[in-house]
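4 protein chains.
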Amino acid sequence: MIIVLKPTASKEEIDHIVSMIEKEGLRTNISMGESQTIIGVIGDKTRLTNTPLASLASVDSIVQVSKPYKLASRDFHPDDTIINIKGVMIGGGNLGIIAGPCSIESELQLMNIAKSVKESGSNILRGGAFKPRTSPYAYQGMGEEGLKLLKKAGAEFGMPVITEIMDTSMAGIISEYSDMLQIGTRNAQNYSLLKEVGRSNKPVVLKRGMSQTIEEWLMSAEYIMSEGNRDVILCERGIRTFETATRNTLDLIAVPVVKERTHLPIIVDPSHAAGKWQYVTPMALAAITAGADGIMVEVHNEPEKAVSDGAQSLKREKFAILMGELKKIAPVIGVGFNLN
Amino acid sequence: MIIVLKPTASKEEIDHIVSMIEKEGLRTNISMGESQTIIGVIGDKTRLTNTPLASLASVDSIVQVSKPYKLASRDFHPDDTIINIKGVMIGGGNLGIIAGPCSIESELQLMNIAKSVKESGSNILRGGAFKPRTSPYAYQGMGEEGLKLLKKAGAEFGMPVITEIMDTSMAGIISEYSDMLQIGTRNAQNYSLLKEVGRSNKPVVLKRGMSQTIEEWLMSAEYIMSEGNRDVILCERGIRTFETATRNTLDLIAVPVVKERTHLPIIVDPSHAAGKWQYVTPMALAAITAGADGIMVEVHNEPEKAVSDGAQSLKREKFAILMGELKKIAPVIGVGFNLN
Amino acid sequence: MIIVLKPTASKEEIDHIVSMIEKEGLRTNISMGESQTIIGVIGDKTRLTNTPLASLASVDSIVQVSKPYKLASRDFHPDDTIINIKGVMIGGGNLGIIAGPCSIESELQLMNIAKSVKESGSNILRGGAFKPRTSPYAYQGMGEEGLKLLKKAGAEFGMPVITEIMDTSMAGIISEYSDMLQIGTRNAQNYSLLKEVGRSNKPVVLKRGMSQTIEEWLMSAEYIMSEGNRDVILCERGIRTFETATRNTLDLIAVPVVKERTHLPIIVDPSHAAGKWQYVTPMALAAITAGADGIMVEVHNEPEKAVSDGAQSLKREKFAILMGELKKIAPVIGVGFNLN
Amino acid sequence: MIIVLKPTASKEEIDHIVSMIEKEGLRTNISMGESQTIIGVIGDKTRLTNTPLASLASVDSIVQVSKPYKLASRDFHPDDTIINIKGVMIGGGNLGIIAGPCSIESELQLMNIAKSVKESGSNILRGGAFKPRTSPYAYQGMGEEGLKLLKKAGAEFGMPVITEIMDTSMAGIISEYSDMLQIGTRNAQNYSLLKEVGRSNKPVVLKRGMSQTIEEWLMSAEYIMSEGNRDVILCERGIRTFETATRNTLDLIAVPVVKERTHLPIIVDPSHAAGKWQYVTPMALAAITAGADGIMVEVHNEPEKAVSDGAQSLKREKFAILMGELKKIAPVIGVGFNLN
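Chains as they are written, first to last, in our numbering: chain F, -5 to 334; chain Y, -5 to 334; chain L, -5 to 334; chain H, -5 to 334.
To be clear, the hints were calculated from the coordinates, so they are not data collected in a lab. Errors might be hidden in some of the hints.
Stated by the list, open to error - Reference listing, derived: stretches of chain Y covered by chain H, where coverage requires no fewer than 3 residues with Cβ under 8 Å from a Cβ of chain H:
id: 1; segment: 18 to 31
id: 2; segment: 59 to 70
id: 3; segment: 233 to 246
Here the structure is a predicted model, which means the values were calculated and not measured. Think of the CB as a built atom: it goes at the ideal place given N, C-alpha and C, for glycine as much as any other residue.
Based on the sequences and whatever the hints tell you, model everything.
Structure, rendered in structure tokens:
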């Protein structure tokens, strides 16, 4: 940590700051520039969490040098983490292909889709039972009935399943039926929920908050990991920008940035960012080419009848084409599938 | 609702769409342009929630004409809502002045601050007991002990009190001690929590999500109201933009926009957007001048020792100066205080 | 300037960096932390402009400590700059009230508006003769004919006039007719144009780029000043964000930030950010309350017939009401007008 | 175009609007909803450019149905445009690989880089002679001397060359030496410059403005095309968002969106968005996979000595590796190179 002082900072003020820091057991290094003095702080900065140096009149700014996340940082864990979900591996060259409907609507619908995505090469089944909707008047999901169908479909077609957990009170019921827990974009900084899933033994897919910086996103992962659960998969799903031609802006450059900073796997959800199915396939392929450890794609048997997100869902045949393209690209760039 | 068709849409496709709409009991109006056809939809659009017209190949785009929020809309409730919090009014020309520390740290600290802000003209006391922090390693708040102190301070100085609720599981304990419930920016689209406070009988201050559009924010208010609780106060606290000189960008133009669209009161929190105390006073005054129904300001007795948000907290004397300025401006622009 | 090294940086790499810096005549201060080394650089950093330290493999990041703008910085010019435009002062407690139509349309239109805004308390007349329009098919302005009318109206009603310069080739003709030069938001980083107006002897109103940070904006001012022209007035006009309810987001917190960093005056244009006339008056009053040195407002005699920006133009009577409010607020907050 | 009226609009107001529209020779279609009336406008909307309907008190909003760009629109030109630059084709399955240094620094530097990128598979040489720099004190380029070297290097290695034009006054000199004209991100809405290059007979690479929507970007292309020059290549180079881990956010989903809307080729510049060379290769490969018609990459022989943009420049060997990967991916996704 570096403390940049104002040009007007006095000797007394500098001494005061140094003593505040040393009182917490850290060391300092003072560098006097031509117009400004800077103080380097050496030691465990978490001890200074409650020392509000930034509010001092003589301080111009504080610069963080070391990363605020530890468990998620690649600095202390250089090898890629590979996460094992009932035999399906994600990370370290293993692609997770998560597909399924936005909302579970009926047994027939889910079974049809599950069969199809499995045949196309998907290795994990997704499906929403409790839906976060912008409007309180929109369809809110099938609830527990949907979870039962999801578990049944996963067993039938040999795929682990994933669904979203929206609140701490749902932890018991979701864990009963689902092999993985998904944290949605609107809950990416719901710290109570992050801690709750951190105490679970299920792998977590952590979607990036709609306007979360990469560093904040890794801090959300750190929240989960700090409670004991190390099986976190990051999921880029588009960020909010001024552009209105797409629902969100898919930040694919986040893939190499995240890979540089953390050992955790990162997958990409092109469906939510695109908002239109036409853009899903090129973005899914681009994501894998950029180094992502997998994709999460909304697939529907009859998108024009879907109760949610129909516009951005791929038909089953389109998903098969996407997977065909992906199987051609994967060996060229050196990544593999768990199955097929 | 208007459905804009692609230039390539066929007669059959148009008929199909019309029948989908009429099947739900709505009427249509077809307008054939020189290159494109548009279909106007007349009737209750919520019936179409589960009819995914946007996914049809012949549809170019869907334009919403009527507002998706009803209870919050000024269209059906032209008069300003005035909210009564144990005798303190907010809205309709009555200013709520909410002040206090970011975190409750001790009885001495809280009593000192409460006494001071009351004397300066504040009419509601704020204080955090459970803190949402970006880092799991940062101070997380005093918990229930802090809530007890808050209630005590409010009683001592005759001010209703407000604190943040972070999770549905906290509803009982927070309601026991606090007169108002605050939803923080990171939970602005935590729908489980919104519904929970919607079932409470306490007034709710709903902070705008960091990257929430005004329409989405009003939909979050609608979530609360649709469960029965009509006492919602909106709070603009800065949005996330590319600018890094301030912690967030305070969107003051949201004040007249919100006033135009809803009857609910809107207050402004300049502290979190500013990130530096120097910018708080001018922004608080500007907010009231722009028409806000109140402010929420972080005040601390010793900002340089605050356990959180010290840099953006006003000292008690600075807050007194802010209130002095505000009392000069208020009569000029025709708004009043509940007390002093 | 501070150079943060990677934990893996070797002794040789550190020595290499130090020698690169010392070769340019600067000094260094090395601080070895527990996991990382940082190098403080002391002396004139402009000498390092062409030393691309950031590209070295051992460098994690570079932190700028001192401000990159010198002429614009308040550090070296603590007093407010007051700019004199033919007797009208802006800055240091003097408000510039710039009003007039978006586009000059006819002599009758301009004279009507000029007379009215003068009577209401405006002290500078604006009017566009060459218009930057998003579409090549939209009205592009009256050209030189408009400039002649502008000069005539200014003379008739005793107000200096301002109009936009869009290209270096226009410098001669604009300077012939206008007392001030306006740089529009789309040209805020057109460096050829900034240098050109920097060689002029006319005061310049520099609008903020739609997505320009405050620091970049001050660098644009520095471009003008570095060519000799010190009479620069900054104009906040809204930045681009995700919000779509307004044309742009008016960043009023930029007012105190700019005042802290530079001695140059700052005015606010609420019309372009709002996009709707209803929001203009509250934002104009809020801007002055926040400390702005003036406003720039679009006024039209018949907004519903304006060839451009009709929706955001105030009618003359509405502008008179705005000025009436402003005259009540100004003495309360201690600022003055040049006239009336 | 659709005009949405307020619920309060009277019969007289509706009639007035209809007559305003019909006076310009267009037709209307009125649809009365349960709470609101909407008016569809049929005919050539450019006739309404100067009819400010949005400013009328009875109008809630205006919705544009048809695209405001005509020459750039795929609606009227369904086939991909292929641009021929002295025999090098871009578009329609032909990849343009533009590489070279950010700034031309010396003959030796440029020849070294040109030779290397040609051998690796580049087919167009880039190099900056006049540089737009945020600071007036930073290196501004070699000027005409650099242009001469660029022309010489292009001739020597058989590649057409491209350089940036920053101002209308440079049109003559740039055209003398360069085969293509580049419009930089800061000039993307410098309409005087767009018109100037629209009168040239050289192909133009139009970089997207840092905060330009896709629609505005296509309008900038329309500006060029409306003056006669149809050879426009769009270049996505990153947009400005809240994320600070990268210099900009590369908007790759813009590739399929642009391909859907226009027949013009689109290439991607990953160097400027990344800001760090480590992210350039994955983003270049992802861009081509997403369907881009080429890439523009900064390559330097000694990035650690580059006078500008060293941190984001690829070394020649890294560029060779990138091209090796690209040659493996290209046949899989069905695109070709002009040479090698």
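Verdict on chain H covering the segment 59 to 70 of chain Y, where coverage means 3 or more residues with a C-beta closer than 8 Å:
It holds, with 3 qualifying residues against the three required.
Counting residues of the segment 18 to 31 of chain Y with a beta carbon closer than 8 Å to any beta carbon of chain H, are there 3 or more?
It holds: at least three residues are needed, and the segment 18 to 31 of chain Y offers 7 whose Cβ sits within less than 8 Å of chain H.
Residue count check for the segment 233 to 246 of chain Y against chain H: does it reach three with CB-CB under 8 Å?
Since three or more residues must qualify, the claim that chain H covers the segment 233 to 246 of chain Y holds, with 4 doing so at under 8 Å.
The earlier numbered hints are all upheld by this structure, with none contradicted.
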